[in-house]
Each structure stands twice: as structure tokens, then as C-alpha cells.
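There are 2 protein chains.
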Amino acid sequence: MRASTDLRAHAWRAHRQPPCVIMSSMITVTVDLGQRAYPIHIGPALIDRTDLFAPHMRGGTIAIVTNETVAPLYADRLEAALAPLGKSLIRIVLPDGEVHKHWETLNLIFDRLLRERADRKTTLIALGGGVVGDMTGFAAASYMRGVPFIQVPTTLLAQVDSSVGGKTGINHPLGKNMIGAFYQPQAVIADTSVLRSLPERELAAGLAEVIKTGAIADHSFFSWIESNIETLTQYDEAALAIAVRRSCEIKAKVVGEDERESGLRAILNFGHTFGHAIEAGLGYGEWLHGEAVGCGMVMAADLSARLGLLSENARGRLLKVTREAHLPTRAPALGDDRYIDLMRVDKKAEGGEIKFVLLKQIGEAVVSTVPEADLRATLAAAV
Amino acid sequence: MRASTDLRAHAWRAHRQPPCVIMSSMITVTVDLGQRAYPIHIGPALIDRTDLFAPHMRGGTIAIVTNETVAPLYADRLEAALAPLGKSLIRIVLPDGEVHKHWETLNLIFDRLLRERADRKTTLIALGGGVVGDMTGFAAASYMRGVPFIQVPTTLLAQVDSSVGGKTGINHPLGKNMIGAFYQPQAVIADTSVLRSLPERELAAGLAEVIKTGAIADHSFFSWIESNIETLTQYDEAALAIAVRRSCEIKAKVVGEDERESGLRAILNFGHTFGHAIEAGLGYGEWLHGEAVGCGMVMAADLSARLGLLSENARGRLLKVTREAHLPTRAPALGDDRYIDLMRVDKKAEGGEIKFVLLKQIGEAVVSTVPEADLRATLAAAV
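Protein chains in written order, with the UniProt record's numbering: chain A, 1 to 383; chain B, 1 to 383.
One or more of the hints may lead you astray.
Said to hold, decoys possible - One side of the interface only, derived from the structure: several residues of chain A facing chain B at Cβ under 7 Å: (1) G60; (2) L114; (3) D119; (4) S142; (5) M144; (6) R145; (7) L174; (8) G175; (9) G180; (10) F182; (11) R344; (12) A349; (13) E350; (14) G351.
In short, the hints are calculated from the structure, not lab data. Glycine included, C-beta positions come from ideal geometry on N, C-alpha and C.
Looking at chain A on its own, in the form it has when it is part of the complex (with noise of 0.2 Å):
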């Protein structure tokens, strides 16, 4: 009930007060892993904060991993934030996109450290979306096994899912993050400033995993995206910077309480299990990640409510609220068995049961197997 307050208050000054006022406050949310708990900071121009960034750095060497989109818009500004601290700095620029998540594109990373004879005490920052967060944190994870690593994340989807949490890897041809590490960053830093330069494409996908963690943990939250939809869409920095705000807070808690994903992090897949088998079926990069967990969540509200599990109205209101946030909501039409085969190789699925996070209510999510017959329905149903 705090929470819905809280975010009462904030969307109240966001109507009240001038855009700057609000801005020029940063927000932090700790994740807590004891030993290795972390800050995410959250506001306006972090990207240029010494500050923020001087504590972490332990070695003589800074490594700015980020992509070819990205570097233009921002690699200079964040190595003159890091200038003052001294250090040699790398800059790696790997293709962009989701296509490019594989273990070629890892090794660049590899290939460049060691021919500049980074060492162990070198940290990396990730600067970019999810597969730049996801690529240089398995990186990280892995050079030396194991170096210091920053989360910059430069994606609306980044900042309020994949830099938070630990989770690592790359694709493998026969599914998503197959291979990868839980390995937890020393702060992340998410700018909202930045996400004006995102493509309108890109801000929906962020918007579908704010619309999942209100789904699966916050009625209040899910009631506020519901009446900020549209501000959300026009890019209201305000708006975003409450949304990633409470993302983080509701994620934080989740993987402090179970960070290697043994029970309750499960939930944060919503939507997951199917969009997944659309991002592995139609060939990574086709959708965006967040573009086929949008339409994954319709999909298993869809199969929720017919377990009997959801209401047909709050199903409703998902669809209704995904769509407003220029999310697909019909399924590519891949077939009943390619679609089941793909969520087979699942990390969620054991001994060859699919494991579905589904929905009893707005804000309660659980996990569970369901029978085909009703798996086939919603499948059918969907395209």
C-alpha cells in the first residue's frame, strides 16, 4: 500500500511542478545481496557524473563496451564524465542488435581486453540496451573469470529489466541466454535523459516490461501505467523516471529474495516462455525482445483466464493497455508444434514440462504447468 502512495505522490508532482524541478533529484534503489549489493541511481544526466562512476574503480584500466548506435550518441560524453578519474580507457563498439548476441560478438570483447592487456582489476561498462548489458556482463563474468563491471544502461527496456539483476549471457542458436552467468554488476547507472534518443519502437518494448512488473507484483503500479499510457508513449521524462523507478524497486526485491532464480525471481518471466519461442521462431532481431514479451503477456493472460485462473476483465485490461503502448498483440503464425517445441528447450522446463507464468490476478502471478489442450487453445487463438 506504501508503494501506491509513493507513486500517487509522484505522479501528482509530475503534473504540479515544472519537468526540471523533478529532474534535477536522483533517485537510488538498492539491491540487496548482501556482500554484493548494489546501487541502481536513477535521474537526469547521470551519464556525466563522476562521481557516481569514482568509486567503482579499483584498477588502472576502464573498458566502455557499447555498440554502433549508441557510441555517437554517447561514448564520448561518458569518457569525458570518466577523464578526471585518470584512467587508460578502451572503447569497444560491437554491431548492434539482438542478431549479434552470440559467442563471435562475445569474443570481440575477449580478443580486444587481451590485446590491451587488460587486467583483472580492469572494469568493464556496459553502455547500451539489454544485449549490450547482457554481452558485456557475461564478459565480465568471464575475462579472467571474473572483473569488475557497470551497468549504463541506455534503453527504457535496460533500465527497468535487464541491467537489474544479475543475469548474463548470450544466444544460442537453439534458445535465448542459453549460455551465460548470474553475475552482479557494481552499479547501474540509468540516465533518463538519454532515453529521448530512443526509437519509438524501442520505447514500447521498454514499456512492456514496465507493464509486466506491474502485472505480476503492483495493482497500484498497473493502475498508474494504465492512466500514464499515453504520457509514457510521448516520451514525458517524468513519467519514465517514476516508471523505472518502481520497475527497479519491484525487481530489487525480487532477485534480493531469490537472486539465482530458484522459486519467486521465476515470475519476472511473464510473458517470457512465449516470447521467447517468437524471438527463437521468427529469428532473433525480427521482434524486439520487449515487442514478443508484449505479445507473450496477451498470450498468457489469454491462457490464464482460460484455467479459469484471470477474470475476462483484468485479461481485458491487459490487452487493452499493451496496445496502447504500441505493443504487437497477435502472434506470428509459426504452428501449434514449432511453437510448443521452442518453449521445450525453456530454462523454466523440467524434464520436458513447460513451466508457465501465469496470472490469478493484476499484481499476483504464479507459476505452474498447463494441460496441452488448453495451451493449444490459447496458441490458436492468438495468431
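Given the coordinates of chain A, assemble chain B onto it according to the supplied hints.
Here is chain B on its own, set in the frame of chain A:
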């Protein structure tokens, strides 16, 4: 001093009693890492012991990862021991040798696991030497962000060193073990009976790590090795069991105090800075890892003596026992500059400064940088 007494008692029993009596007993050494503590079982014919594997199998699938050389010798026996557990068994056979310890071979494991729909509770078993153990461990660390694994080392080197302590990884053309993870097994099952199938070169390579362990941490053990080196090179199972046990006890203690090599653990790399340079310089697989470590220890002892840390007598003892183990003691002529260049990417290096593990006396090691002139003198004297 207790260690010394124990070892003498064992040596005595080894002479007085028929080997089979001693061999019937299994010894268990525990690696004390809190929640991740695990047993190292050492003894004869353990590969057939269903009861040793049973406690560590949670899921429905077991994947045995081995190589072309070991599979025909032991894979059927291991599968027979696992059969009563009623799990689905996958056998993955890799090409043999250090030259294959790279991403492409690692990916053969991932390909097969995904094709067989191995889930997140699948247990991997590494059946082989150090290369199989390191790659299987890294595969276990990375597959679906981590599955359980068991080490069944079949070489002396793997039993006394590489299977214990959780270092896993693969090589990169620019450096050995540069990509990997600290990832602990559920158990190590060291069957001393399998050592009789080892080629002589492999036995000698394992003895290098035994000698190393005595040299850095236990003068009494080192003396015992000197007294028993001929017996050890003759495949005496009782003597080998003692060597495995004491090496594991010492390594377990060091790893228990410093799992991620922030300090003490670095001493286990005695001989390895030179050794890694030899391996990388000649091309992986030209010399066995243990052969390079043997020669590397002689070089590190020479450097220690030059710096006035180690007595001439102690240096001579290390040279003599290394030679008697049938290990190379003359270094390949790569040229000083090439050696120094290769050593600069060592994982212990910091900011381009190479750190060496040096001996102050037999049984006591220190980690330090050295003046370049002394290093060059050692390199000149070594070839």
C-alpha cells in the same frame, strides 16, 4: 608437523602391508566453502561406486563429458555405476588435448545439451583430465547460467590439482585459461586405480603439481616426495594415493581460505607464470601443462635464488626431484622478449607488472614483482 607424521605413517604402511589392504579404504577430504563445501573422495575403484554419485543427482538427466581417449577406457564403467539411479544418460565425447580447449569444443557440449533438451537440473560429470575438467566445469557454470557438476578426474594432474578448487575455463590464442569462471563442483571422485592407464608423460606431468604443492606449502611432504619419487614414477598405487591425498588436503585448505584468488591462493601458481608462457609460446599441446609447470618451477627457483631468497641447496633439491620425475628442466628457446611479452598477460599481472610466485625456502612461497635484469638472467640460464 602432524602432516609430516601422517605421511610417514602412510609410507610405512605402504611398505609393510599388501597394497590391496590399504587400497580398500576410501579417504574423504572436504573443501570448506560454507554452503558450497564439497567432498573429495580418494580411493581405489571409486568410479564403480553408485553410492558416491547418488547424493548429488537432483534432476532427471546426467551428461557425462569425456574425450576420445578416456571414453573407451572408463565411460562404460561409469555409466554402469550410474544406471541404478534411473536417470537419462547423455555421453558427450570431445577431441583429446589442450589444443582443443577453446570455444568451439566447449560449444559442442552446449549444442548437445540443447539438442537433448537437458534442463537446468541436469548434472554434468567431467570424466577425464584437466582439459575435460576445465571445459566441463565452465560449461556447467554457463549452461542456462549454471547447472551442477561432478569431477571424476582420470589423470594424476587432475586428481591432485585441476579438479579441486573450482577454477574452470578455456584458452584464448593470447593466453591460457583467460575465459572462465570460479565454479565449484558438487563432489570430486578421484579413483586412484585408473592412474595405471596413464601414459608416462602424463604421470610425470601430474607429479609436477605434487612437487609444486610440497614446495610451496609443506617441507615434510616435499621430503616424502624426494624419498618416494622413484616409487611414484613406477605407478605404485599406494604411494600415488598418498600423493593425491596430501596434495588435495593442502589445496583444499588454500582454496577454503581464498576461493577467488585475492591473495593466498596465488601461491598455487608457483611455476605457472613461466609455464603458461612456455605453453602459449610453443603452441598449446606441444608440452603438457605439467611439463611446462615442472620446467617453470625450476626457473622460478632459479629466480628466487638469484634474488637471494632461496638457498642454493634448496634450488638444487627442486631441480633434482623435478628431473627424477622425468620432467623437462631446460626451457624452450623462445627469446627473452617473447617470454616477457607472454608473461605480461598472466592473470596475476597488474598494470603490466608481472608477479611471480617465489620460494623463500622449501615449503614457503611469496608473490612479488622482480627486477627485469634478474628475470632476464633466469631466462638466459634456463634454455
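To see whether the hints hold, each was checked on the structure:
For G60(A), the shortest C-beta to C-beta distance to chain B is roughly 5 Å, which falls under 7 Å, so the interface hint holds. For L114(A), the interface hint holds, since its Cβ comes within 7 Å of a Cβ in chain B; the closest pair sits about 4 Å apart. About 5 Å separates the beta-carbon of D119(A) from the nearest beta-carbon of chain B, less than 7 Å, and the hint is met. A least Cβ separation of about 5 Å between S142(A) and chain B falls short of the 7 Å threshold, and the interface hint therefore holds.
At about 5 Å, the closest approach between the beta carbon of M144(A) and any beta carbon in chain B falls short of 7 Å, and the interface hint on this residue holds. Hint status for R145(A): holds, given a least beta-carbon distance of 5 Å to chain B, under 7 Å. Proximity of L174(A) to chain B holds as hinted, the smallest CB-CB distance being about 4 Å (cut-off 7 Å). Look at G175(A): its Cβ gets to within about 6 Å of chain B, closer than 7 Å, so that hint holds up.
For the restraint placing G180(A) at the interface with chain B, the shortest Cβ-Cβ distance is roughly 5 Å, inside the 7 Å limit, so the hint holds. Contact between F182(A) and chain B, as hinted, is supported at the beta carbon level, the nearest pair being about 5 Å apart and thus within 7 Å. Taking 7 Å as the C-beta contact cut-off toward chain B, the hint placing R344(A) at the interface holds, the least distance being around 6 Å. Proximity of A349(A) to chain B holds as hinted, the smallest CB-CB distance being about 6 Å (cut-off 7 Å).
Given hint, E350(A) at the interface with chain B, holds; its Cβ is 5 Å from that chain's nearest Cβ, closer than 7 Å. Among the interface hints, the one on G351(A) holds; its C-beta lies about 5 Å from the nearest C-beta in chain B, closer than the 7 Å criterion.
When each numbered hint is compared with the structure, no violation occurs for any of them.
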